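Work the whole structure out from these sequences, hints included.
Taking our numbering, I'd label the letters of the sequence shown as residues 1 to 217.
Source of the hints: derived by calculation from the structure; they are not laboratory data. For clarity, every value in this text was computed on a predicted model and none was experimentally measured. The beta-carbon is built from N, C-alpha and C at its ideal position, and this holds for glycine as well. You may find that some hints are simply not true.
BS3-like, lysine-lysine: derived pairs with alpha carbons at most 27 Å apart [claimed, not checked]:
| id | residue 1 | residue 2 |
| --- | --- | --- |
| 1 | Lys192 | Lys141 |
| 2 | Lys126 | Lys43 |
| 3 | Lys156 | Lys141 |
Ranges between beta-carbon positions, derived for each pair [stated by the list, open to error]:
| id | residue 1 | residue 2 | range |
| --- | --- | --- | --- |
| 4 | Asp216 | Gly70 | 53 to 59 Å |
| 5 | Ala174 | Gly53 | 32 to 38 Å |
| 6 | Glu217 | Thr168 | 20 to 26 Å |
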Amino acid sequence: MTSRSLLALCLTLVASSAACAVDSGAGEASADQTSWRSSVERKLSPEVAIPDGTPIGRTVDAVTAELSQGLRALEAQQRGDCVTRGFLGADGHEAFHRETCPNYDVIRVGYRGPNDIDRVYGDHSKGTIAKDGRIDSFSQKTGDYLSVEDQNRDGKADLQIFKADPATDLTPFAPYRLSAGGKLANRILEDKDFNGRFELESLTAQVSSNSWFEKDE
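In structure tokens form, the structure reads like this:
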């Protein structure tokens, strides 16, 4: 998983006012700086089947209808080129809102601020030729995974990010090892050839705690 790919995912989430949980590091090592890096990757053999059951491929309308059951819809608010509609729970507080703009259509559940949102469903094909109205990115604060994305907009998940298990065996990533006292941030699975199976696994170091991967000499 390159830092460029991670940054692209972060920018996608930030553009939707979603918190980006990916600690991507300061960047990949340059050609003359190969003894350390912020992330490592390996090819999976055998490849791993992409799990079903994520929101990827569902329509934004269907998710809105499901989430709004039993809630009170507020009047839509026009803000520039965007239209936002909130939905209130029985306690009078907003349960979620949907923001529809020329380039994206996003549902934010449990919104307390730009960096404090329970779940975010996004359709970012709205401003493209596809305009399929289907969810191509999803992130959540809690759950089995942090986020999932449909990078090529074919209605299928092809990138999934998890919080890394501190006890992860780093042997498959040799000759790199985590720096002394270092911490892992994320585990990323990718289907780069879009065949429905993950073939690449990456780990990122928690650079916010001065962690990195070192190459054994």
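Sort out whether Lys43 lies within 27 Å of Lys126, counting only the CA atoms. Distance of about 33 Å is beyond 27 Å: violated.
Holds or violated: are the alpha carbons of Lys156 and Lys141 at most 27 Å from each other? holds, 22 Å
CB of Glu217 to CB of Thr168, is that within 20 to 26 Å? Cβ of Glu217 to Cβ of Thr168: about 23 Å, so the range 20 to 26 Å holds.
Straight-line Cα separation of Lys192 and Lys141 no greater than 27 Å? holds, 25 Å
Against the range 53 to 59 Å, how does the distance between the Cβ atoms of Asp216 and Gly70 compare: consistent or not? holds, 57 Å
Look at the Cβ atoms of Ala174 and Gly53 and judge whether their distance stays inside 32 to 38 Å. Holds - the Cβ-Cβ distance for Ala174 and Gly53, about 33 Å, lies within 32 to 38 Å.
Hint 2 from the earlier list is the only one contradicted by this structure; the remaining hints agree with it.
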